[in-house]
Amino acid sequence: MAKKKSDSKIIKVDTLARVEGEGALYIKVQGNSVQDVRLKIFEPPRFFEAFLRGRDFKEVPDITARICGICPVAYQMSSVHAMEDALGVKVDGPLRDLRRLLYCGEWIESHVLHIFMLHAPDFLGYEDAIQMAKDHREVVERGLKLKKVGNDLMTLIGGREIHPINVRVGGFYKVFKKQQLKDITEQFKWARDAALEAVRWTATLSFPEFERDYEFVALRHPSEYPFNEGRLVSSAGLDIDIREFDQHFEEEHVEHSNALHSVLKERGAYFVGPMARFNLNFDQLSPIAREAAEQAGLSRECRNPFKSIIIRSVEVLYACDEALRILENYEMPDRPFVEIEPKTGTGYGCTEAPRGILYHRYSIDDSGKILDAQIVPPTSQNQKTIENDLKEFVPKYLDLPDAELTWQCEQAIRNYDPCISCATHFLKLEVDRE
Amino acid sequence: MPELYNPKLAVWKFASCDGCQLSLLDCEDELLAVAGEIEIAHFPEATRKVVEGPYDLSLVEGSITTPVDAKRIQEIRRVSKTLITIGACATAGGIQALRNFRDVKDFVSIVYANPAYIDTLNQSTPIADHVTVDFELRGCPINKMQLLEVISAFLADRKPNTPAHSTCIECKRRGTVCVMVAGGTPCLGPVTHAGCGAICPSYQRGCYGCFGPMETPNTASMSKEWKKLGASSGEIERVFRTFNAWAEPFRNESEIHGEEKK
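Line order of the protein sequences matches chains B and Y. Quick note: the first sequence uses my numbering, first residue 1, plus one each step. Quick note: the second sequence uses my numbering, first residue 1001, plus one each step.
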């Protein structure tokens, strides 16, 4: 919706769709310049960090999973790694591989949902995937089938796809005989081909010319594309242990948002998620994923956020390839978990959620009771970057009719696959031309 | 022949994690078929298209936690012929109802630097506390096969088949050996509403109550058994105080053990 008076206007979308959670966007334009951009998050606060106080350390994977139904595994992984850090426990070998495998399932399920159901309709001019399916049935059906493979993996390893029940501090409740993984392994052979096809298909879409100098932030591991571990690095030279997060990043509380904005103390806004991971870890992709990316026209550094749809597909391909590698090399662990005794301490966890780094910090007492909790989700870290994108993007498209401009702004926001349920946890777009 | 009328479906969100409405998009094999039988008229997570109400079926996810949402649910009820709540937040207040046991002001200041910007109610309450609800589907998250059953039942104008017995029955059906009797693992299955398919015991852990209280649960006897297995009052208080903490039988039981702890 837009109101036009003289050379200024307000464009306004009350409910920005195809994002997870509730929010709005307000843009005020004067002549050819954008006066104000506000990504308003009105998703009601749920106070997880407050009610985690007094809970038992063993409860964190079950409780924090409930922050987000789309990426519960990310919350489970960051929380169990933080607790294990506090308790001085290292989970490795086949249990570590199983965690990586479960995370592959979530990346696939979450990315494929976004690629085919939430983002692709924008590129082809459909309001949703159901309408897109009327003309592109095969593409949508293949997408749904690929998403299902991700969910099937989560259901097998995690017990169910939303809020899995099998993750615990120290490992899992149950582990599997190699034979039990045979059917899913066969499904993944199909999935890897389908993911390769998804990379090729997304590369044929047309992309607005739009690039900015972002500071990309992601985990970096010496020998793997990052999931659960690594140092925090950036394209501007940041290279820190995750324990130093609070020394370099801070959260600001602004009036128009129920989500806290996260910034780098030294340099302000930064960019997390698939494009940041890809740019900072290209060399760690498996050969098939790297080749597919190059054939799709992605060089080492991509700075066009609209192309994130291709990068998500590359990551889906990587996750399928990595899942197959883990499945084929799997040997059943001797025990499902490492025994843990509580003790006083503070622990840090940072893992790569589908939408970017997810940081957790907990302090616990000698009985394992949580004294303090801090959780920084990916979408709150990208909020400022999304607003900055729109400040540069909107002036280039002011000649467009308002309805089209509004849709373009929505698409620019969806580049980030924002999960507002996480950040406070939907969007409403308002462009104000005055 | 006149064109067939497809009932209009709306999906609404309040305070929640999005997981229950995601269940609909997770019906990968059935989604396109469902979309052929109903008109998706309002479902922001899936489409930017908005068809004006009234709606034949409204699915409501999430709990009421803000003054604005308390008004919004009234408007939604007015434009909905049938209103069904999906998930523990909408039917019991969700995990955010943990604030109901404390002073919410303390919570705001723990999370936010400028508490004055936050507009929130003291309590997180289920939808049925505010408007008439036609059917409640349990679970944190809901079971997607049960969601399809509820939508199919609505289309066929019949009552949904979602048994209110305990999770124990589901364990017996799938042939899972009792983790509590045989393994000595505390389990909430005997007092928990069926629906998930008894997943946890089949993964060698006790049920932790995602589907909330079953019909007439004997929570006192449950707690006694947990104590025999060595659970403390604090543990019992906590296990009843998770995703369905504000559901009356679980709330009362947790309060008894909270008092005992002191």
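Derived from the structure by calculation, the hints contain no laboratory data. Where is the CB? At the ideal position from N, CA and C, for every residue including glycine. Treat each hint with caution, since some may be false.
Some, not all, of what chain Y presents toward chain B, calculated at C-beta under 8 Å [unchecked claim]: (1) C1017; (2) V1051; (3) P1141; (4) S1221; (5) E1225; (6) R1238.
Do the hints match the structure? See the list:
Contact between C1017(Y) and chain B, as hinted, is supported at the beta carbon level, the nearest pair being about 4 Å apart and thus within 8 Å. Contact between V1051(Y) and chain B, as hinted, is not supported at the beta carbon level, the nearest pair being about 11 Å apart and thus beyond 8 Å. Annotation: P1141(Y) was flagged as interfacial toward chain B, and the flag holds, the nearest CB pair being 4 Å apart, inside 8 Å. Interface hint at S1221(Y): violated, since its Cβ lies 24 Å from the closest Cβ of chain B, which is beyond the 8 Å cut-off.
At its closest, the beta carbon of E1225(Y) sits 20 Å from a beta carbon of chain B; the interface hint therefore is violated under the 8 Å criterion. Taking 8 Å as the C-beta cut-off, the interface hint given for R1238(Y) holds, the closest approach to chain B being about 7 Å.
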